[in-house]
Amino acid sequence: MAVANIQVSETPLVLYTLRRADDALILGHRLSEWCGHAPMLEEDMALANMGLDLLGQARELYTYAAKVEGRGNDEDKFAYLRDVRQYRNLLLLEQPNGDFARTMVRQFFYAAFADLYWRAMMRSTDATLAAIAAKSEKESAYHVRHSSEWIVRLGDGTEESRRRAQGAIDELWAFTGEMFEVDDSERGLIDGGIAIDPANLRPQWLKTVSDVVREATLVLPDNNWMQQGGRSGRHSEHLGHLLSELQSMQRTFPGATW
Amino acid sequence: MYTQALNTSDGDDRHIEDATRAAQFQARIDADERIEPNDWMPAAYRKTLTRQISQHAHSEIVGMLPEGNWITRAPSLRRKAALLAKVQDECGHGLYLYAAAETLGSSREELVDAMLAGKAKYSSIFNYPTLTWADIGTIGWLVDGAAIMNQIPLCRCSYGPYARAMIRVCKEESFHQRQGFEIMLTLCRGTDEQKAMAQDALNRWWWPVLMMFGPPDQVSQHSDTSTKWKIKRFSNDELRQKFVDATVPQAQFLGLTIPDPDMKQNANGNWEYSAIDWDEFKQVLAGNGPCNRDRLAARRKAHEDGAWVREAAMAYAEKRRQRSALQAAE
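Residue numbers (the working numbering), protein chains in the order written: chain A, 115 to 372; chain B, 103 to 432.
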């Protein structure tokens, strides 16, 4: 018996919250794939730590989205019973782990944004989002510190680590623009003070990223063509495989409680 | 790497250790004093503990693999977070234990290399596969339950760093054990399919879990001296019996059947179990369990794939050291 996807009534606030929840879940899931396979035990601990922070953020955001939506959905229905086209995460975050450099560059690009984003969202007029922001900001501050230290070590380490780190930057750069995009549904929330305009964060993000990349003796690409589509469910091919694994139990045993 | 002298002295010590020091050492043990890293100790005590603590550390690290196998497929977000946190705890236990082993004079690198080379052992239980979600519940309930039974007495082990590490490890393990039992309880209260999944997992794990306590007392190689040194306070069979007696009522509460139809309770209230297939245990120890090759291959791959990262970190640290030396000279 196949399990149907849930229907979501994507009002602006529900959609907005789901997008951030999906970001956290998908990146958290990617980090959890490392567990037991990291380059050193200390890094196994750190990757799991960041993964757990993100899973925690996802759960709070899904729960809030469910409450706002008020149609009987919950964190697990959002996570396990939507298909690729219903997922709203950034393309950057669904990109495969690749090697350790790829994982760290992905983490760094996102965390450098998330830290600024959550700090700004602490002033949201929506009390729940502001509270989630306050907790998430503390977590993402650590994620920035941890990942930026690795970018510097890898860039300024050996020839091989430098080549891998530069390669990861070149591969992932085109996915960074999507973090700053806003559509009509978000515009109203920004005007109402519920959301913040991410475009305002871009100069500070670029400064943080440029400073770290320079210290790492690496360079940012000239190419400024940016991919987008994640926010409206047009994903890379990678997400479907991630979801088929993530959702396998819920899809195989419909309606069971675990 | 700082321990060359200690290591090379291992073999020769036996001849030069004077009887007085050995007697004083044993008197301290008998008086329940803790032995600390800088205290004199017989070479064989050092060697026994290094073997035991490092095997324990390897078990924590290899043990991340069977459970890690389900992190990406955990059936709810709550279970996913709990499982990731649990496997992370195991990694933490591995780290404390390697640190405890290092106080005896072997570096983490050499201990890990011995494991990757297949020269050091880890718990045989991790050479069995996790096939369904119920295996995650069963590992928490039974494997962690058995580990606690083994480890609680180690909190009073004569070697201070090991005893202290065990206190923290046991606290976390008992949390994991309750979490595992709760997974089983949820399955046993669920659909028929879930109950069958729970029973199937118990059927597969029961006998390997009993083997975790090691060979029967009459053939155990290490017990006598370990007991004299208060590293081991209960025999394998004593611990195995305690575990069985604690577990039978839990299985009954869950409504699961232990796969031992001849098991019966004797006049003392102990549950008498049937003969354990020690040939299977020997085969798994010899490398022929269902997952021995996969487990070692996964650890070797992580180690080899991560080599360039560790080299980069070392190279960067060295560059920084040189730069600050240069700055200081200016």
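Read the hints as simulated data drawn from the structure, not as lab findings. Some hints here could point you the wrong way.
Mimicking BS3-like on lysine-lysine, the simulated pairs with C-alpha atoms at most 27 Å apart in a straight line are [stated by the list, open to error]:
id, chain 1, residue 1, chain 2, residue 2
1, A, K249, A, K191
2, A, K321, B, K421
3, A, K181, A, K252
4, B, K223, B, K384
5, A, K191, B, K297
6, B, K273, B, K344
These stretches of chain A come out as covered by chain B in the derived footprint (C-beta under 8 Å, 3 or more residues) [stated by the list, open to error]:
id, stretch
7, 149-155
8, 159-172
9, 319-330
Values in this document were obtained by computation on a predicted structure and should not be read as measured data. Glycine residues also receive a C-beta, built at the ideal position from the N, C-alpha and C atoms.
Structure-based check of each hint:
1. A:K249 x A:K191: With a Cα-Cα distance of about 24 Å, the restraint between K249 (chain A) and K191 (chain A) holds, given a limit of 27 Å.
2. A:K321 x B:K421: 25 Å, holds
3. A:K181 x A:K252: 25 Å, holds
4. B:K223 x B:K384: It holds: about 13 Å lies between the C-alpha atoms, which stays within 27 Å.
5. A:K191 x B:K297: Judged against 27 Å, a Cα distance of about 23 Å means the pair holds.
6. B:K273 x B:K344: Given that 27 Å is the threshold and the Cα spacing comes to 19 Å, the pair holds.
7. 149-155: That given contact holds, which follows from 7 residues of the stretch 149-155 of chain A lying within Cβ reach (below 8 Å) of chain B.
8. 159-172: Holds: 8 residues of the stretch 159-172 of chain A have a Cβ under 8 Å from chain B.
9. 319-330: violated (count 0)
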